[in-house]
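Position chain G relative to chain U; hints supplied.
2 protein chains.
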Amino acid sequence: MKVVALAGGVGGAKLADGLSRALPPGDLTVIVNTGDDFEHFGLHIAPDLDTVCYTLAGLANPETGWGRIEESWQAIANVEKLGGPAWFRLGDQDLGTHLERTRLLKEGVPLSEITARFCAAWGVKPRVLPVTDQPVRTIVQTDEGDLAFQEYFVHRCCEPRVSGFVFQGAESASPTPGVLEALAAADAVAICPSNPWVSIAPMLAIPGVRGAVQRRPTVAVSPIIGGAAVRGPAAKMYAEMGIEPSAVAVAAHYQGLARGFVFDAADSELESEVARYMRWVLATQTLMRTPQDRQRLARDVLDFIGANCK
Amino acid sequence: MKVVALAGGVGGAKLADGLSRALPPGDLTVIVNTGDDFEHFGLHIAPDLDTVCYTLAGLANPETGWGRIEESWQAIANVEKLGGPAWFRLGDQDLGTHLERTRLLKEGVPLSEITARFCAAWGVKPRVLPVTDQPVRTIVQTDEGDLAFQEYFVHRCCEPRVSGFVFQGAESASPTPGVLEALAAADAVAICPSNPWVSIAPMLAIPGVRGAVQRRPTVAVSPIIGGAAVRGPAAKMYAEMGIEPSAVAVAAHYQGLARGFVFDAADSELESEVARYMRWVLATQTLMRTPQDRQRLARDVLDFIGANCK
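Just so you know, the sequences run in chain order U and G.
Using this note's numbering, you'd call the opening residue of the first sequence number 5 and step up by one each time.
Using this note's numbering, you'd call the opening residue of the second sequence number 5 and step up by one each time.
I should point out that these hints are in silico values taken from the structure, not numbers from a laboratory.
Everything numeric in this text was worked out from a predicted model, so none of it was measured.
Beta carbons: idealized from backbone N, C-alpha and C, even for Gly.
Possibly wrong hints are sitting among the right ones.
[Unchecked claim] Using 30 angstroms as the maximum straight-line C-alpha spacing, the simulated DSBU-like pairs for lysine-lysine come out as follows: (1) U/129 / G/85; (2) G/110 / G/129; (3) G/240 / U/85; (4) U/110 / G/85; (5) G/110 / G/85; (6) G/240 / U/110; (7) G/6 / G/129; (8) G/129 / U/110; (9) U/110 / U/85; (10) U/110 / U/129; (11) U/6 / U/85; (12) G/110 / U/85.
[Claimed, not checked] Not close to chain G: a few residues of chain U, all C-beta gaps over 10 angstroms, as computed: (13) 125; (14) 165; (15) 282; (16) 293.
Just chain U, with the same shape it has in the complex (with noise of 0.2 angstroms):
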């Protein structure tokens, strides 16, 4: 069973990996988000492409959720000390993975070509595709203005109170080569439980992308569990663009768009109120806290996705 996966930050990540570990490896492949990237430092820095490669390659740090496993911090102990911003904590091991991509970038070869290269040096088995090559960058707007989401999300922390989101760049990007022949090929498309706002969003605004994963059976695993979010600002998204965060909300989210939805057992009373916008649903386990839950989740979203797409 071919297999697409659309995945952001940390959730997508780990089921990525179970996945990854659940499938043959040329029969995944995961899409991930690039609204999250940014220059800093005169770095392209690509936290939801590093997060998935990491995981994947089994160098996360089990952690933080994201960066390295094993990091050193002497590279931006420096800047530190001489007065430069340290809210976003580059790590040595990582700094490495920024300052290659940053060089290759500037000869002009292209983000998903030099991932490409990463994973086979990292040995990750499954096929990783930016979603484009193109800049796309997600702008938070806030009480406190627009803001650039890495500003938002790690400077700011995610107190800003959140009003929408513009996709910048995504209307005139193309998606990765690659990335509409997969999608055109696969049994079924896996969403990830990534943030629906700022994790799949950007992917969906590519052109060709939304409509290439609603041709073909699809699946999504809601990254909100008893009103929360497992990390991140996904709820709290949620109540300030005015809906109650539930998975009920998420089903809403993606109606018209998956037809299969998986949400957390925890959650099971809420299963009449999802079907009304899914045609098939499961509860299950969700929470992903070790290897083996990655794995169990990737088996049930197998499973139900082989038990409702014949």
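Then chain G, alone, in the frame of chain U:
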């Protein structure tokens, strides 16, 4: 006695350090070569400036002569793992310097202002001025074509045969604010034992600098001892330029620019030859192995200046 030192890499940094221990902080200005600067991985790297500042701050690695003490190498190890260029050994702490400098340059802060801020953070007492805030790039003309300085110096280990030098941008660059004023107010100028071809010459190529040095009592210290450079390619460059490398060659090089010349006691048999090019000469121990050596040479240079320039 107000002294201006012209310095390039390691030898220049060591004498500047000796002078900074021998003079009250307000009396020493160190003007530093920027012809070695280059862009690498999108970062602005200023090797001579860093060597001088790290040395004055007591942060320099005493074994390598470049980079930081107690350095780690996680970032460049990851670059290498990704197949990127690792010939320029960027340490993790050192990277902090390049990151913050690059960030400030992109904000429009001049290199001289950045250097002043960094020196304040590191506790560097003498004033350190990059010779110019505009880009000057030393190109080494060789039998293998024109090479950017770091390409020649680090990547190619000074192997190609040298036929000349070009200081790109020097003619249209202007001295950093303060450079000409410091020179005009100096009781003496010390040309440190740096490479005359690639450390001192790029500074002299900037309009106004040579004349300002010429107008002051100037003393040059030979970087050549016993026909060899203490480190680096100075002797090899003299030979390839058709000049026998020796203290005499250095004295001839600086004729008309410096009035005084300090060379190593090991070469004292050359005194009469050296004296053909210089008004005042001093043979003394110029090799700086220990911090005490730096201070002693600085004292010798200052006494030599004091005895000759009233």
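A quick look at each hint next to the structure:
no. : hint          : result
1   : U/129 / G/85  : holds (17 angstroms)
2   : G/110 / G/129 : holds (26 angstroms)
3   : G/240 / U/85  : violated (39 angstroms)
4   : U/110 / G/85  : holds (19 angstroms)
5   : G/110 / G/85  : holds (29 angstroms)
6   : G/240 / U/110 : violated (34 angstroms)
7   : G/6 / G/129   : holds (14 angstroms)
8   : G/129 / U/110 : violated (38 angstroms)
9   : U/110 / U/85  : holds (29 angstroms)
10  : U/110 / U/129 : holds (26 angstroms)
11  : U/6 / U/85    : violated (50 angstroms)
12  : G/110 / U/85  : holds (19 angstroms)
13  : 125           : violated (5 angstroms)
14  : 165           : holds (29 angstroms)
15  : 282           : holds (41 angstroms)
16  : 293           : holds (28 angstroms)
Figure legend: structure checked against the earlier numbered hints; hints not met, in rising order: 3, 6, 8, 11, 13.
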